[in-house]
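Q: Here is how the chains run, residue by residue.
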Amino acid sequence: MENQQDFQYTRQISQQYPQDKRFLLAILQDIQKEYNYLPRESLYMVQEYMDIPLAKLYSMATFYKALSLKPKGRYIIKVCDGTACHIRASQTLTDEISKILKIAPGQTTSDGRFSLETVNCLGSCAAAPVIVVNDRFYGKVTPSMVKTIIDEYGGIYS
Amino acid sequence: MQIIIDKVKCEAKLGETLLTIARRNNIHIPTLCHSDALAGQGNCRMCMVEVSEGKTKKMVASCIYPVTKSIEVITNSETLTKMRKTLVMLLSARVPHNNTILKLRQEYNLPPVTRFKSDDEEECILCGLCTRACDEMGISAISTVNRGINKKVSTPFEEPSTVCIGCGACAHVCPTGAIKIEDIGEERIIWEKSFELLRCSNCGKPFITRVGFEYIKNKINTEIETVCENCRKDAITKKLRDIYGF
Ligand code: SF4
Ligand code: FES
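Chains A and B are the protein sequences, given in the same order.
So for the first sequence, the working numbering puts the first residue at 1; every next one is plus one.
So for the second sequence, the working numbering puts the first residue at 1; every next one is plus one.
Chain A on its own, in the form it takes in the complex (with noise of 0.2 Å):
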């Protein structure tokens, strides 16, 4: 659980916008950033700030890809499965990591570290297939490659 600290920088990245519908999706997109995910008591606060139903908040919340209501590893793994890293066989990535993380992708370790997604398409398609380690890009990647990358980031613990 969070502490109350916590919510307060939530009504601090809520303020910094003014109270317009608009601006919605960019403070839900902050306080992503912030916690890694967004906390139910931050919903309620949004939802406040901008006196807007909760349902519509929840609606954006579970649209938006880069939104998560469940909290995110601290290392966030994305596959590329767009066409050009498909055909490369990003799949053989995707298997690797999960089978070395133990997790499917969508998924977080237990310990909080890693979170594995796969997605469309990063637009770097000369060098697929491609593995996006939170803001770190790793190109023409094979499965031998995957153990190292991740233990770049404090590999598994055991």
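If you are wondering where the hints come from, they were derived from the structure by calculation, not from laboratory data.
Every value quoted in this text rests on a predicted model; they were computed, and no experiment measured them.
All C-beta atoms, glycine included, are put in the ideal place defined by N, C-alpha and C.
Hints are supplied without guarantee of correctness; some may be wrong.
[What the hints assert, rightly or not] One side of the interface only, derived from the structure: several residues of chain B facing chain A at Cβ under 7 Å:
#1 Lys57
#2 Val60
#3 Thr68
#4 Ser70
#5 Ser143
#6 Asn146
#7 Ile149
#8 Pro156
Dock chain B with the ligands against chain A, hints included.
A: Quick look at chain B with the ligands alone, frame taken from chain A:
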């Protein structure tokens, strides 16, 4: 202004939708996501018709197409039937056991759809009428959640809503009867929330939830009687009869 629908001359006002005009002239156009009270959805596309203007022809959704000039409209043709068949087929794939869609499928002589794996329990075609109704009520207890194949209608966090007043507008407008509403004695259950029902002071039938009643009372800011719709109609009829003596 005059337009022609299926060779019939119809009077039309500027801006009226084709569907409204057709219905007024007893011309049938199938619809799913249209409700007179909540017009302007344009989601299901069952109401497609063919509009010709001089030499150009186009397909439009009659429920949202406003008339701006004299046009000729066809509500039934081979192309239109084909389009509707495709729609019904896709809907059948989504809700194979829903009665409304099943009837349509039979009407259009279509075989069951076996190509896709579907959820046997699914009844919702995601037409959006229910969330619109809830918004119009000023409540917004439900909305669509998720996206793509996981999209559905739900309350926030899929928990009983804190704002729902149990009015049942959503269930009432749903074309497929997908929203469960259960009235047992003086209790109503909808969206997994239980409500107390008030009885009509005239006939004694439970007809409105207590919170719903209070909500309306506050909204229109007047005292209202707990009288159900039927009894209210009867009362008006009786009054008229007294006045005009028939
Ligand atoms: S529940 Fe009914 S009204 Fe709501 S979107 Fe589904 S089909 Fe439409
Ligand atoms: S009734 Fe016109 S699009 Fe659904």
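Q: So, against the hints stated earlier in the document, which numbers end up violated here?
A: Going through the list in order, the structure violates hints 1, 2, 3, 4 and 7 and respects the others.
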